[in-house]
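Protein chains: 2
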Amino acid sequence: MTAANAGASAPQIRAANRLEAFAATAEFDRPTLVLDVDRVEAQYHALKSGLGRADIHYAVKANPHRAILERLIALGSHFDAASRGEIELCLSLGAKAEHISFGNTIKRAADIAWAHSAGITVFAADADEELEKIAAHAPGASVYIRLIVETSNADWPLTRKFGCDRDTALRLLDVAKDLGLTPLGFSFHVGSQTRRAEFWEPTLDEMGAIWQAARDAGHDLGLINIGGGFPAFYGEAIQAPAEYAARVMEMVEARFPGAAKIMAEPGRGLVAEAGVIACEVMLTSRKSERDVHRWVYLSIGRFSGLAETEGEAIRYEFATPHDGGPTGPCILAGPSCDSADVLYEKRPTQLPLALAAGDRVLIRNTGAYTSTYSSVCFNGFPPLDVVAI
Amino acid sequence: MTAANAGASAPQIRAANRLEAFAATAEFDRPTLVLDVDRVEAQYHALKSGLGRADIHYAVKANPHRAILERLIALGSHFDAASRGEIELCLSLGAKAEHISFGNTIKRAADIAWAHSAGITVFAADADEELEKIAAHAPGASVYIRLIVETSNADWPLTRKFGCDRDTALRLLDVAKDLGLTPLGFSFHVGSQTRRAEFWEPTLDEMGAIWQAARDAGHDLGLINIGGGFPAFYGEAIQAPAEYAARVMEMVEARFPGAAKIMAEPGRGLVAEAGVIACEVMLTSRKSERDVHRWVYLSIGRFSGLAETEGEAIRYEFATPHDGGPTGPCILAGPSCDSADVLYEKRPTQLPLALAAGDRVLIRNTGAYTSTYSSVCFNGFPPLDVVAI
Numbered sequence: 009m010t011a012a013n014a015g016a017s018a019p020q021i022r023a024a025n026r027l028e029a030f031a032a033t034a035e036f037d038r039p040t041l042v043l044d045v046d047r048v049e050a051q052y053h054a055l056k057s058g059l060g061r062a063d064i065h066y067a068v069k070a071n072p073h074r075a076i077l078e079r080l081i082a083l084g085s086h087f088d089a090a091s092r093g094e095i096e097l098c099l100s101l102g103a104k105a106e107h108i109s110f111g112n113t114i115k116r117a118a119d120i121a122w123a124h125s126a127g128i129t130v131f132a133a134d135a136d137e138e139l140e141k142i143a144a145h146a147p148g149a150s151v152y153i154r155l156i157v158e159t160s161n162a163d164w165p166l167t168r169k170f171g172c173d174r175d176t177a178l179r180l181l182d183v184a185k186d187l188g189l190t191p192l193g194f195s196f197h198v199g200s201q202t203r204r205a206e207f208w209e210p211t212l213d214e215m216g217a218i219w220q221a222a223r224d225a226g227h228d229l230g231l232i233n234i235g236g237g238f239p240a241f242y243g244e245a246i247q248a249p250a251e252y253a254a255r256v257m258e259m260v261e262a263r264f265p266g267a268a269k270i271m272a273e274p275g276r277g278l279v280a281e282a283g284v285i286a287c288e289v290m291l292t293s294r295k296s297e298r299d300v301h302r303w304v305y306l307s308i309g310r311f312s313g314l315a316e317t318e319g320e321a322i323r324y325e326f327a328t329p330h331d332g333g334p335t336g337p338c339i340l341a342g343p344s345c346d347s348a349d350v351l352y353e354k355r356p357t358q359l360p361l362a363l364a365a366g367d368r369v370l371i372r373n374t375g376a377y378t379s380t381y382s383s384v385c386f387n388g389f390p391p392l393d394v395v396a397i
Numbered sequence: 009m010t011a012a013n014a015g016a017s018a019p020q021i022r023a024a025n026r027l028e029a030f031a032a033t034a035e036f037d038r039p040t041l042v043l044d045v046d047r048v049e050a051q052y053h054a055l056k057s058g059l060g061r062a063d064i065h066y067a068v069k070a071n072p073h074r075a076i077l078e079r080l081i082a083l084g085s086h087f088d089a090a091s092r093g094e095i096e097l098c099l100s101l102g103a104k105a106e107h108i109s110f111g112n113t114i115k116r117a118a119d120i121a122w123a124h125s126a127g128i129t130v131f132a133a134d135a136d137e138e139l140e141k142i143a144a145h146a147p148g149a150s151v152y153i154r155l156i157v158e159t160s161n162a163d164w165p166l167t168r169k170f171g172c173d174r175d176t177a178l179r180l181l182d183v184a185k186d187l188g189l190t191p192l193g194f195s196f197h198v199g200s201q202t203r204r205a206e207f208w209e210p211t212l213d214e215m216g217a218i219w220q221a222a223r224d225a226g227h228d229l230g231l232i233n234i235g236g237g238f239p240a241f242y243g244e245a246i247q248a249p250a251e252y253a254a255r256v257m258e259m260v261e262a263r264f265p266g267a268a269k270i271m272a273e274p275g276r277g278l279v280a281e282a283g284v285i286a287c288e289v290m291l292t293s294r295k296s297e298r299d300v301h302r303w304v305y306l307s308i309g310r311f312s313g314l315a316e317t318e319g320e321a322i323r324y325e326f327a328t329p330h331d332g333g334p335t336g337p338c339i340l341a342g343p344s345c346d347s348a349d350v351l352y353e354k355r356p357t358q359l360p361l362a363l364a365a366g367d368r369v370l371i372r373n374t375g376a377y378t379s380t381y382s383s384v385c386f387n388g389f390p391p392l393d394v395v396a397i
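Those protein sequence lines, which keep their order, are chains A and B.
The opening position of the first sequence corresponds to residue 9 in the working numbering, with each subsequent residue numbered one higher.
The opening position of the second sequence corresponds to residue 9 in the working numbering, with each subsequent residue numbered one higher.
Bound conformation, chain A alone:
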């Protein structure tokens, strides 16, 4: 990363904390995600204090960086894995197999068999065929049935990709038993970035009713997995994590009688605020003398780590060396030759008018769902680098 504007008198980014101070001044040769693992630890303690008796299964997919996993293992966290690759990673760093759930409802038969041989005992499912695969390749395993959520107040409600409806779920509990599996209970996901605890209420009501229906049908359920949805700060107010988690647990305890075990799977809410991306301005331009918007091109885009800007869903916050000076609206885009590689256009971003090629830019709260989304070498650009301080 060259800083064309660098020099003794060049303006500096005003860093908000230790993480930003490092990201603002260190030398990087390409866009880099900088992680502060102490902030992950602080967030873990805050969530844990609110979640009480629930087990935290960190959603590894949010950020599988070794430093994060090692710290969480030391703190006693459990893990939710999406694939064989994530399980192998957790085990290689010292996580115990009994603390890892294989939470993807879509698994290869060979990966189920491998996980079973590695000591994994808890698997997610939402379909007959998945239960058959688990019974065949992990005989006697424990399963939880993923429920579909029809009501969500999340910023990004999930699609119908995961889960099944009430009648199917109740039937699958029987199917699991018939296949020699142990159906533990249910899981669900309230939706990504559910900003306030009270937003959980309609979903918990819906899920609690299915829990009750299963008990009424004679199923002795002991586990409820409340999934993720724990928010990160992207400019819109969110509740503090301890208070948020405590309020969610209060609502959960009231709706799932008999749940001896409660699992929670924070991902974004645990690691997003522990990361900042350092990148640089590649170019600023106007397409026409008549255009009111500038275009600002960054060295990182949708295909090199910022995939969650699709549909302008996440509005990341930026820090630049010119903050405090006059600003203007700009369309923000990535560096590739792909015309879809545009971050914010429908709702342009306000950035300093003084911004120019070579200026370093920090993208705040980017610790989740960035580094692993990065493409291997789209347009010949190397993937997002990651360093932990």
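Just so you know, the hints here were simulated from the structure itself, not pulled from any lab data.
Possibly wrong hints are sitting among the right ones.
As the list makes no split between identical chains, a pair holds if one copy fits it or if it spans any two.
To be verified - Derived pair list, reagent style EDC-like, types lysine to aspartate or glutamate, alpha-carbon separation capped at 20 Å:
| no. | residue 1 | residue 2 |
| --- | --- | --- |
| 1 | LYS295 | GLU137 |
| 2 | LYS354 | GLU318 |
| 3 | LYS56 | GLU206 |
| 4 | LYS185 | GLU140 |
| 5 | LYS295 | GLU140 |
| 6 | LYS295 | GLU214 |
| 7 | LYS295 | ASP173 |
| 8 | LYS56 | GLU258 |
| 9 | LYS295 | ASP136 |
| 10 | LYS295 | ASP182 |
| 11 | LYS295 | ASP175 |
| 12 | LYS269 | ASP228 |
| 13 | LYS56 | GLU78 |
Please build the complex by placing chain B on the supplied structure of chain A, with the hints as guidance.
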């Protein structure tokens, strides 16, 4: 890739050609793009026969696989590079620097300097700041100015990310001269997947008028770069490549008098049909007894190579072992825990009812814009593998 349904009596995919025959039967341990470089060569000859005196600059970003680049170098192709990484790759395989254009309008100053030192002499630009960077770091270089296209008949017209309007372009020709650069002419892009040659006409009219305006203003232009847009077959009829290219050239010759040099940058049109992805069915399910659509989950999704299904833009064609049997509508999704990882939902796909976990599936004409879009390890899944036969 395990084939749960494999066996002596298991149905086989009916392969349409040598490429598919290999992809249908070879052993793969993960989703794999199989390339037939002879088909790239055949397509190169077909396009070249129609393009006549125009130089083909293969858009490396479409697929930078070594076997493709080596074959194209042997055939005398030139190259359009999007980054320092792509230039380094082409040079390392024996391409001559004078045959490589640095066609991304968004370049780091340090990469311009590096390219200049490596012998690259032709650069794209669409803004003052870019010309200033080129003049500072590649003094005396040749440049072409990228024009914005307002009228397009392409399946996917490009956004306004690249190019500038007429007045800006004419002004930039003067700026380039004042900076000591050599302005050669213009480039534009008609839009991706322009299925018929006659669809180019309004764009060529628009670009030709700007060419004429520049000549009227006293600019002695010698280069027109007509970009890409050459189509691949994704189920909708396209014109044959030789005839298509010849008709485009006929229209180009009529509109750009004085263009001693013509560049064309096919990417997709050169390599898409030379590739097929082999993957497998992970799971089939229904969310509810009342749902009319099945869900079919593949071992590859939007984040592992099929990025161009975003917005259901590309409708890939599939081959399965059960083709010819009864079919039904299904929603097709990828294997990750990301709910956005859904390929076709708004318009479901017809697939055989007999399809089950473990079945191999071929995805046709996937040689372009797949392997490099693949994420490094999203959800712990390794990137799309690539083999050339």
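Now the hints, each set against the structure:
1. For a Cα distance limit of 20 Å, the shortest separation of LYS295 from GLU137 across copies, 12 Å, qualifies, whereas the shortest one inside one copy, 53 Å, does not.
2. Proximity of LYS354 and GLU318 under a CA criterion of 20 Å is satisfied in both settings, with 12 Å inside one chain copy and 17 Å between copies.
3. Taking the closest pair of Cα atoms, LYS56 and GLU206 come within 20 Å of each other only inside a single copy of the chain (19 Å); across copies the shortest separation is 64 Å, beyond that limit.
4. Proximity of LYS185 to GLU140 under the C-alpha cut-off of 20 Å is restricted to the intra-copy arrangement: shortest distance 11 Å within a copy versus 71 Å between copies.
5. For the homomeric pair LYS295 and GLU140, the shortest alpha-carbon distance between copies (16 Å) is at most 20 Å, but the shortest distance inside one copy (57 Å) is not.
6. Proximity of LYS295 to GLU214 under the C-alpha cut-off of 20 Å is restricted to the inter-copy arrangement: shortest distance 16 Å between copies versus 51 Å within a copy.
7. In this assembly of identical chains, LYS295 and ASP173 lie within 20 Å of each other by CA distance solely across copies; the values are 6 Å between and 50 Å within a copy.
8. With identical chains, the CA atoms of LYS56 and GLU258 are at most 20 Å apart within one copy only, with a shortest distance of 14 Å there and 70 Å across copies.
9. Taking the shortest alpha-carbon separations for LYS295 and ASP136, only the inter-copy value of 10 Å comes in at or below 20 Å, while the best intra-copy value is 55 Å.
10. When the C-alpha separation of LYS295 and ASP182 is checked against a cutoff of 20 Å, the pair qualifies only between copies, where the shortest distance is 16 Å, while the shortest distance within a copy is 62 Å.
11. With identical chains, the CA atoms of LYS295 and ASP175 are at most 20 Å apart between copies only, with a shortest distance of 10 Å across copies and 56 Å within one.
12. For the homomeric pair LYS269 and ASP228, the shortest alpha-carbon distance inside one copy (13 Å) is at most 20 Å, but the shortest distance between copies (78 Å) is not.
13. Taking the closest pair of Cα atoms, LYS56 and GLU78 come within 20 Å of each other only inside a single copy of the chain (17 Å); across copies the shortest separation is 56 Å, beyond that limit.
This entry satisfies every hint, going by the numbered hints stated previously.
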